[in-house]
Amino acid sequence: MASTHSPAIAVTGLRKSFGDQVVLDGIDLDVPRGTVFSLLGANGAGKTTTVKILSTLLGLDAGEIRVAGYDVVRQPDAVRAAIGVTGQFSAVDKLLTGAENLRLMADLHHLARDAGRRRAADLLEQFDLTDAAGKPASTYSGGMLRRLDLAMTLVGSPQVIFLDEPTTGLDPRSRRDMWQIVRDLVAGGVTIFLTTQYLEEADELADRIAVLNQGRVVAEGSAEELKRQIPGGHVLLRFGDPEQLDAARRVLAQAARDGDALALRVPSDGSLSSLRSLIGLLDDRGVQVDELSVHTPDLDDVFLALTGNPTKDKVTAR
Amino acid sequence: MSTTALDLRTYPLRDSATMLRRNLKRMLRYPSMTVTLIAMPVVFLLLFVYVLGGTLGAGLDGTVAGAGGRAAYANYVAPAIILMTVTATIQGTAISIAMDMTEGIITRFRTMHIARVSVLTGHVLGSVLQAVFSLVVVIGAAILVGFRPKAGPGGWLAAAGFLIAVAYALVWLAVALGQVSQSVETASNLPMPLTFLPFLGSGFVPTDSMPAGLRWFAEYQPFTPIIETIRALLMAEPVGNKAWIALAWCAVIALGGYLWSKRLFNRQG
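As you go down the protein sequences, you meet chains X and E in turn.
Just so you know, we're using full-length UniProt numbering here: the first sequence kicks off at 1 and counts up by one.
Just so you know, we're using full-length UniProt numbering here: the second sequence kicks off at 1 and counts up by one.
One or more hints might be untrue.
Unchecked claim - In silico SDA-like pairs for lysine to any residue, Cα to Cα no more than 20 Å straight-line:
id, chain 1, residue 1, chain 2, residue 2
1, X, Lys94, E, Pro206
2, X, Lys94, E, Ala248
3, X, Lys94, E, Phe133
4, X, Lys94, E, Ala212
5, X, Lys94, E, Val205
6, X, Lys94, E, Phe109
7, E, Lys25, X, Leu95
8, X, Lys135, E, Glu103
9, X, Lys94, E, Arg215
10, X, Lys135, E, Leu247
11, E, Lys25, X, Ser138
12, E, Lys25, X, Gln21
13, X, Lys94, E, Tyr168
No wet-lab data here; the hints were simulated from the structure.
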């Protein structure tokens with residue numbers, strides 16, 4: 001049975017197909033308690049399918065999954081009692097007010113009437129919804145709906161929370177609010193399983209990241225570990241005029257133009273000695289450089305290198 | 001948590017009451033639906049009594065109590081309008097179920113440890129209450145346009161119980177229809193045949209006046225014994241065995257609707 005030592009989520013050999021289409025092709029995941037795990041992938045990579053299976057909404061074809069120590073196939077009720085899910089599409093009753101939505105959750109968790117009202121009031125306060133508490137959810141903005149949605153998930157004090165693309169479609173400010181909420185939750189000891197197509201989000205929040213591509217986990221590790229796998233670092237040089245740029249190109253054979261800008265990208269590991277030799281080379285030839293900046297690879301580089309999918313419109317770093 | 005035994009009891013009655021409260025709140029927030037659902041049988045009532053009633057009433061033969069004229073026809077057609085009130089209500093049930101299914105809240109309920117059936121029973125109880133409310137309004141309207149029921153308190157009580165049984169059965173069917181519908185539009189169309197089924201029975205004219213094939217269908221379809229039972233109870237006529245046939249139909253429809261609904265709700269996509 002469940003113990004505090006078992007991982008929050010343990011998945012081995014998960015497979016799922018819809019007809020002929022293989023959506024998940026042998027997934028292994030291991031999420032320790034009290035951490036944020038991010039499943040990163042483009043649209044259609046299988047992220048939502050994974051969340052649906054882990055949260056008992058969908059059956060699996062093969063594999064073994066334990067969530068909060070319980071088997072999702074044999075003990076779905078125990079899993080449901082331990083989890084909270086905030087999906088991609090808002091799961092609130094739009095005809096009810098924010099307060100009514102929260103009290104509905106309190107009633108379904110069988111909290112006593114007073115305790116339920118207090119819990120609802122606390123969550124409204126915590127999620128900055130007190131002023132809107134008496135208004136129907138249909139009048140809420142996207143950011144408010146997400147906050148209410150997550151607040152409803154928290155009424156039952158779940159141990160494991162699934163957040164399926166929690167910030168998709170939110171403005172930058174609401175996104176940052178949501179990130180702060182997630183950090184606060186983790187500080188409170190819950191485990192978060194987060195899916196996202198935003199690399200920045202995974203970088204900001206996750207202890208561990210798994211990159212999902214076409215139904216397989218193609219890389220797993222911390223953001224730092226993933227970045228180290230990719231030699232994508234470079235130095236960006238900016239010039240005042242085309243003559244200087246051309247002069248620099250004659251010196252630096254391996255440099256590449258950075259679009260149409262008067263700038264060159266020079267591959268570099270960013271170490272002091274390599275910078276010193278680069279600067280020395282440019283000084284010797286008297287090349288005037290207006291600006292120099294060092295770029296270490298970001299998750300964008302990692303993602304593109306791992307999935308071999310350079311279509312930027314599918315994966316956006318914001 | 002490893003030391004405490006896991007409590008996985010469910011509370012179907014409590015959860016159903018919670019879901020019922022949710023549905024009643026939704027109906028109050030969205031009253032135009034209830035108004036539309038009541039308006040339809042009222043429009044049919046006015047149409048049949050005032051536009052068609054004079055002629056249709058004259059055609060009722062001596063076997064029908066108080067044959068002849070608009071007043072007699074009001075008495076004859078009222079039970080069919082009463083049944084139409086129930087079929088209009090369940091059209092609303094199918095629509096609100098379909099609306100619910102397209103929204104994320106049902107997905108949330110599915111991931112929660114609650115008595116699952118309560119999601120459906122909340123709708124069923126809410127719709128039965130809505131049907132009762134609509135029936136009170138429509139029967140009131142029928143009395144205003146000349147419907148003169150002869151039932152005593154016992155007859156009214158029996159009629160009320162019978163109508164609730166009919167509503168309960170048809171609502172379960174509508175819950176299934178609402179779930180098979182992929183859209184709200186489909187959900188509003190699927191129960192449509194039920195709205196017109198009273199026409200192919202003894203609801204608006206006696207079945208004797210129909211051609212042979214149609215008459216056979218009219219006499220054996222479930223709505224005919226239901227209408228006949230309502231008519232007998234409200235007009236204080238002998239009910240005979242048609243009440244049992246009607247209740248048997250209700251039991252079959254309710255059970256079928258319930259099993260179908262449950263299966264649809266528990267399927268994994």
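Against the structure, test the hints numbered earlier, and report the numbers of the ones violated in rising order.
-> Of the numbered hints, 1, 2, 3, 4, 5, 9, 10, 12, 13 do not hold.
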